[in-house]
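All chains should be modelled from the sequences, with the hints used to inform the complete structure.
Number of protein chains: 2
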Amino acid sequence: MRIQGSQFHTWSRLLKQLPPAESTISKFTLQKSTITINNIAGVAENAEVVLNGWIDKKPKKISKNLNFGLLRDHEGNTLQLVDTKSLLKHAAVEDVVQARGHLSPKKDSDSALELKLNSMTTLNRSNRKPSELQDFKETGDYPPEYRFLQLRLHKYQAILKKRNSITKSVRDTLNDQGFIEIETPLLFKSTPEGAREFLVPSRKVDHNSKRPTFYALPQSPQQYKQLLIASGVNKYFQLARCFRDEDLRADRQPEFTQIDLEMAFSSANDVMQVVEKLLVPLWKQYSASNSLLTLNSRGRLVSVDKEDPICHMTYKQAMTQYGIDKPDLRAPDLKIMDLTEFKARGYTNKDFPVFEILILRNAFDSKESLQQNASYFNNANNYNSRVPIIVPIEDEKDANNWFEKFMTLAAFENPKLISKFLKLKKGDIICGSTRQHSFSLFENPTPLGRLRQLVLDSDWGKERYQKTNKDVATWVVDFPLFSPKEKNTKEDKKYDYPSYCTDAVTSTHHPFTMVKLSDYEKLQTNPLQCSGQHYDLVVSGVEVGGGSTRIHDAELQDYIFENILQIKNSDKLFGHLLRAFRMGTPPHAGFAVGFDRLCAMLCGTESIRDVIAFPKSITGSDLVVGCPTVVDEKTINMYNIRYNSKS
Amino acid sequence: MRIQGSQFHTWSRLLKQLPPAESTISKFTLQKSTITINNIAGVAENAEVVLNGWIDKKPKKISKNLNFGLLRDHEGNTLQLVDTKSLLKHAAVEDVVQARGHLSPKKDSDSALELKLNSMTTLNRSNRKPSELQDFKETGDYPPEYRFLQLRLHKYQAILKKRNSITKSVRDTLNDQGFIEIETPLLFKSTPEGAREFLVPSRKVDHNSKRPTFYALPQSPQQYKQLLIASGVNKYFQLARCFRDEDLRADRQPEFTQIDLEMAFSSANDVMQVVEKLLVPLWKQYSASNSLLTLNSRGRLVSVDKEDPICHMTYKQAMTQYGIDKPDLRAPDLKIMDLTEFKARGYTNKDFPVFEILILRNAFDSKESLQQNASYFNNANNYNSRVPIIVPIEDEKDANNWFEKFMTLAAFENPKLISKFLKLKKGDIICGSTRQHSFSLFENPTPLGRLRQLVLDSDWGKERYQKTNKDVATWVVDFPLFSPKEKNTKEDKKYDYPSYCTDAVTSTHHPFTMVKLSDYEKLQTNPLQCSGQHYDLVVSGVEVGGGSTRIHDAELQDYIFENILQIKNSDKLFGHLLRAFRMGTPPHAGFAVGFDRLCAMLCGTESIRDVIAFPKSITGSDLVVGCPTVVDEKTINMYNIRYNSKS
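In the order they appear, the protein sequences are chains A and B. For the first sequence, the residue numbers in the UniProt record's numbering are 1 to 647. For the second sequence, the residue numbers in the UniProt record's numbering are 1 to 647.
These aren't lab readings, by the way, just hints derived from the structure by calculation. Do not rely on the hints blindly, as some may be mistaken.
Identical copies go unnamed one by one, so any copy, or any two together, can satisfy a pair.
[Claimed, not checked] Mimicking DSSO-like on lysine-lysine, the simulated pairs with C-alpha atoms at most 30 Å apart in a straight line are:
{"no.": "1", "residue 1": "LYS137", "residue 2": "LYS572"}
{"no.": "2", "residue 1": "LYS32", "residue 2": "LYS116"}
{"no.": "3", "residue 1": "LYS306", "residue 2": "LYS467"}
{"no.": "4", "residue 1": "LYS634", "residue 2": "LYS210"}
{"no.": "5", "residue 1": "LYS420", "residue 2": "LYS343"}
Take a look at the structure:
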């Protein structure tokens with residue numbers, strides 16, 4: 001970067017003083033540390049050592065000639081400084097210092113050492129701010145604009161190091177399996193049918209329309225990696241930066257990292273094997289429990305290994321049993337039950353005829369605990385659409401007449417039979433709602449699926465229903481290839497059924513996914529009944545990654561673009577893929593793992609912000625550097641654009 | 001990505017036919033290869049094998065029942081197919097096939113094998129295009145829109161693999177030295193004093209000015225890595241994507257990758273040691289010559305090793321001896337000579353008083369060879385400013401009167417003395433030009449420096465003056481911290497002296513570079529005479545990377561922003577750094593290596609395009625996917641911007 005100055009003639013008319021030479025030069029004259037605090041045990045007693053670090057706390061004056069200080073080094077370890085020379089007299093919290101002295105055993109300890117200071121250089125003086133923010137230091141929860149102070153804490157230094165180790169493991173494993181990492185462009189092309197993309201104005205003007213042109217930042221390297229397969233690459237991977245300009249939710253970032261991979265001449269099974277070989281060892285090495293569980297063929301929780309690979313569950317199983325396509329199997333037995341067999345059925349919406357229930361056994365001991373939890377589960381803000389009806393069983397009468405509470409929703413031919421089967425007891429909670437037919441289950445999560453999620457997110461629910469604290473993995477397969485487009489009806493649809501367009505479908509994942517071969521002919525007759533060759537890896541209710549066998553046949557891909565998805569300018573948008581498919585692109589399949597989320601899970605933290613050095617805020621701002629910012633109009637004019645007149 | 005379709009009702013009114021099930025399904029039903037061509041030697045004769053790959057050439061019909069084909073697998077190796085069943089009858093070049101058959105020895109060879117085809121499945125049929133482009137395949141030089149065909153060639157597959165290996169070596173070495181890789185944001189803040197940045201419109205509107213806001217893509221992670229040092233990180237690195245929206249030259253890319261590193265509590269020497277430990281082994285492992293040379297203390301070319309680390313050369317030495325700050329030391333003795341001591345001096349511009357010469361000994365044998373080369377070196381298009389005067393010595397007279405040709409530029413007090421010293425002979429060429437005083441050498445390259453570069457870029461010059469074909473490395477240190485701003489005078493300044501503003505300086509590298517401590521006081525009196533603590537690593541005339549000791553003192557940094565560079569809103573632009581510096585940022589230094597260029601050098605290719613999977617064209621377009629593109633106005637309106645009215 002070249003920065004332009006001006007008024008070269010006026011060095012004498014200085015606005016600021018050049019800081020005094022002596023003090024500045026001493027800040028830049030440093031010796032290397034001879035040791036880190038972690039290693040001092042091995043140092044000969046009374047050896048002189050040099051330690052660089054920060055003043056961790058305000059030094060304490062013990063007597064006229066004795067100060068105690070605390071030095072923190074770059075690993076976040078601390079050492080007591082003993083100062084008989086008033087060297088610490090003016091030291092402030094977070095001063096950067098170089099301490100020289102002798103190590104000696106602490107008086108009150110058998111093993112701990114302290115440093116008797118001989119001399120100390122202040123390499124950079126801190127202002128009072130870190131000291132004012134000391135309270136945040138204790139909780140670890142600094143305001144985001146002080147991220148650089150937060151990251152100095154041991155916890156965050158450990159996370160940064162762990163993320164580096166995980167990254168290295170990922171790359172080593174994939175390299176060992178014959179994958180090569182290839183960087184793909186970030187200045188890509190706008191294909192606006194997807195999620196909202198970030199645009200990058202270019203200075204080029206389209207020579208036909210005379211309009212300005214734009215790059216787009218990629219949502220994933222999907223298209224480039226398919227082009228790499230067309231380019232003869234056999235096994236590709238990349239830790240790739242991806243971008244989405246979506247309205248941010250608590251745990252979404254506008255830029256994020258994924259482990260992206262693709263294999264030529266391969267099918268879903270090959271990819272799933274690679275992913276298991278990649279991820280299972282990461283859980284064994286890095287997660288808090290050093291293990292990863294799955295369900296075996298008898299539905300028992302077992303550790304994933306050769307005999308018990310990660311279980312497979314169809315989308316339909318996941319949706320009917322757990323009400324969501326990413327079931328949290330740490331509570332494998334907390335299942336939703338379809339009462340159709342018992343001749344109960346919903347009647348309020350003909351597309352949602354299935355009445356289903358979720359029973360929370362031994363859910364409450366007292367009225368108070370009940371009210372507390374029920375209000376949380378009843379809160380409509382926690383739901384996308386309908387809130388399930390929640391019926392606590394407070395006595396014998398409730399146990400027999402529970403169904404009456406559901407009669408606004410469902411008709412029961414033989415409620416007594418059901419009661420006999422359900423065996424409700426005082427302290428149970430029965431929750432009920434309706435859903436679509438099993439063969440066209442598109443509402444995801446269902447109201448009960450969402451309720452189950454809320455239960456398992458609460459400490460109360462975890463304690464009662466989770467069978468394990470360890471992570472539990474499953475593959476989810478046989479997703480619908482297409483989904484009907486949801487209608488945007490009234491603004492507050494929380495209490496309503498979702499409704500779907502009858503004349504438009506969207507790709508459930510992306511338009512490059514291959515149909516299940518057994519459903520091939522249905523592409524013509526009933527696309528919504530087609531399953532795709534897509535597979536998600538779900539761990540403890542989190543979609544860790546997903547992948548699919550891709551289409552490599554240009555005519556089939558074109559058919560899906562034009563006839564099913566009704567994309568008008570598909571050749572303009574995706575012509576590069578179609579052209580490549582027509583010149584010898586082999587069959588291929590691939591996968592992508594959300595790497596930030598993976599790191600957060602392996603680091604045992606809830607928020608992906610903890611594992612990103614400089615995360616964006618929920619409004620997409622970087623509060624450390626202060627961006628995005630206004631840019632002067634002259635600059636944006638270079639891109640042949642200008643502010644909207646109203647702005 | 002979710003793609004929206006429409007007209008769900010009209011499945012019957014199909015525009016395109018669904019491709020027939022049978023042929024499509026067979027394309028997706030594949031067996032794994034049992035072997036690669038590279039490994040067939042170990043297979044038992046007559047074993048049945050499965051090989052996946054491409055039809056490399058149009059099959060040859062030998063007789064009615066015999067076709068020969070050539071299969072190429074993903075490693076780019078080929079195997080002869082022997083077909084007695086007319087399986088290859090309709091095969092086209094670049095068809096993707098699965099071949100099953102028996103291996104048997106080739107009739108006309110002792111060791112080579114061929115595959116007797118039992119059956120073959122076409123996994124994807126290619127159109128005629130690859131066959132039409134066969135001529136490009138032979139040269140390897142496909143039109144850029146067919147990059148995916150080009151990358152299938154063995155050369156490019158090898159480059160992709162080699163880049164992956166180099167990447168891995170870099171990461172392993174840095175990890176072993178205690179560096180951790182940390183990803184920094186790509187949605188950064190616009191700091192428009194630098195090179196032109198790419199902007200990324202955000203949907204946020206600034207609440208004060210009501211104007212739209214923008215992110216900028218980073219030119220390098222410089223500011224974030226300094227913030228990481230402020231965050232207590234001890235040794236950071238990253239293979240980082242960087243962006244510059246500059247007018248592209250032949251070998252510039254708008255996005256590129258650099259090895260970026262930074263070390264806390266460290267100085268220039270620490271960083272240079274790390275860089276040598278990182279890069280020297282790469283040259284030994286990956287370069288064609290498996291070695292890296294440098295100059296020893298006696299000016300001899302020696303292999304870099306512990307006894308002979310990479311030599312150091314000051315900016316002044318480089319500029320006076322080689323006329324450029326990135327000297328090509330493969331011709332260490334081809335040096336420029338300052339004739340000031342001989343009382344020759346330039347008189348046409350008082351700021352360019354030094355007359356200097358470069359002698360090309362034994363440069364030509366005949367008039368023809370002379371003319372050919374001289375016209376190349378005389379071509380003003382190859383120079384930024386003045387073209388040197390070039391005087392071939394064709395006879396004894398020329399050898400004595402050479403100086404007369406330079407008298408339009410320089411005055412000579414005692415030309416005979418100089419002649420005696422120069423010992424010019426028939427066949428030599430003497431080139432002369434003027435330059436600035438050694439203490440304010442800002443024209444870079446000088447005319448003779450540029451000429452020297454042209455000589456060494458030519459095959460003719462390489463042959464005559466290069467002492468080695470191996471790469472030769474040097475450190476260049478003691479750069480001027482600031483440079484005067486060049487005036488944009490007339491458009492064609494090729495024949496003119498550069499002229500400089502007297503009232504504006506720019507940072508020679510960037511504004512975060514620390515001044516040499518011995519020059520500290522000159523910041524106040526004469527900034528242009530200050531050297532910076534910056535160091536470039538130059539290999540064979542290429543600036544492989546550069547780094548510096550950074551300023552970590554907020555007051556000094558602020559002084560440089562405001563008083564020297566006269567940046568008015570420095571706190572707005574760089575406040576994040578100043579704030580961090582004021583809260584305990586340790587001393588630090590770092591480095592960045594241009595990774596694409598490094599890979600190109602190690603792969604022995606001239607163009608960085610060869611080592612980038614999907615490079616942009618010289619106009620910044622991706623010709624494979626076709627971007628940048630026009631975006632509809634509704635989309636850009638979301639960002640509160642619109643097309644310029646004139647567009």
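> Should LYS306 paired with LYS467 be assigned to within, between, both, or neither, using CA atoms and 30 Å as the limit?
Replying inline: within (23 Å within a copy, 60 Å between copies)
>> With identical chains, the pair LYS420 and LYS343 could be close in the same copy or across copies; at 30 Å between alpha carbons, which is it: within, between, both, or neither?
In response: Classified as within; 14 Å inside a copy, 116 Å across copies.
>> One pair to classify: LYS137 and LYS572, alpha carbons no more than 30 Å apart. Within, between, both, or neither?
In response: Between copies only: 27 Å across, 54 Å inside.
> Can you tell me if LYS32 and LYS116 fall within 30 Å by alpha carbon in one copy, between copies, both or neither?
Replying inline: within (19 Å within a copy, 68 Å between copies)
> Is it within, between, both, or neither for LYS634 and LYS210, if the alpha carbons may be no more than 30 Å apart?
Replying inline: Both. Shortest intra-copy (19 Å) and inter-copy (17 Å) distances satisfy the 30 Å Cα cut-off.
In summary, the structure agrees with every hint in the numbered list given earlier.
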